Amino acid sequence: DVKVTQSSRYLVKRTGEKVFLECVQDMDHENMFWYRQDPGLGLRLIYFSYDVKMKEKGDIPEGYSVSREKKERFSLILESASTNQTSMYLCASSAWGRDQPQHFGDGTRLSIL
Amino acid sequence: GQNIDQPTEMTATEGAIVQINCTYQTSGFNGLFWYQQHAGEAPTFLSYNVLDGLEEKGRFSSFLSRSKGYSYLLLKELQMKDSASYLCAVTNTDKLIFGTGTRLQVFP
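Sequence lines, in order, name chains A and B. Its first residue numbered 1, the first sequence is counted upward by one per residue in this note's numbering. Its first residue numbered 1, the second sequence is counted upward by one per residue in this note's numbering.
It is worth saying that the hints were derived from the structure and are not from the lab. No experiment lies behind these values; they were computed from the predicted model shown. Note that CB positions come from ideal geometry on N, CA and C, so glycine has one too. Any given hint could turn out to be false.
[What the hints assert, rightly or not] Here are some of the chain A residues that sit facing chain B, going by a computed Cβ distance under 7 Å:
#1 Gly42
#2 Leu45
#3 Trp96
Please put together the full structure from these sequences, using the hints given.
Here it is, written out as structure tokens:
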């Protein structure tokens, strides 16, 4: 079974803090993704990566950056957290190929106060 | 532009059949995924359609019509544990575009 592990289920941070969300997958998948999920808006893609050191902007990259130094690990960074970044953050991974399903972690519910 | 439409909520009775529709308009299309997401949990993969027609997997089936930009997920013999959100997602080049999901409530 594919396992995607996110470092925290719940996180509370303050406005202006730098926030790191970590994601690790154990299936040697090439692709990794970060989404945020908000009521009424569905899942929106923030950033994705096809390989180590590679990153591509998704649909809503503003205010975020990512790092992929190792194949199994993909980090999402909120450079200076703001209240509108309060959300559920989901990490996913998939094997190479457009027909390959994405496997999701359990999510991190992040609150910015 | 990109647009994926699903009903926001549906209700059904245990043992019944329910059909969840998804229509899409996207600039590119490679295939369509359905995911299930229980409240507070991760989405899990249900099905993938790339060609027109019906794909059956136990109690769940998924249909695709590429010419109409339309898909549906059919759930048979509904069980209480099927209460969840169902997400339709279209593959567009290298990304998945998700609909906002349909929340299904199954009543006894």
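Checked hints:
no.: 1; hint: Gly42; verdict: 4 Å, holds
no.: 2; hint: Leu45; verdict: 6 Å, holds
no.: 3; hint: Trp96; verdict: 11 Å, violated
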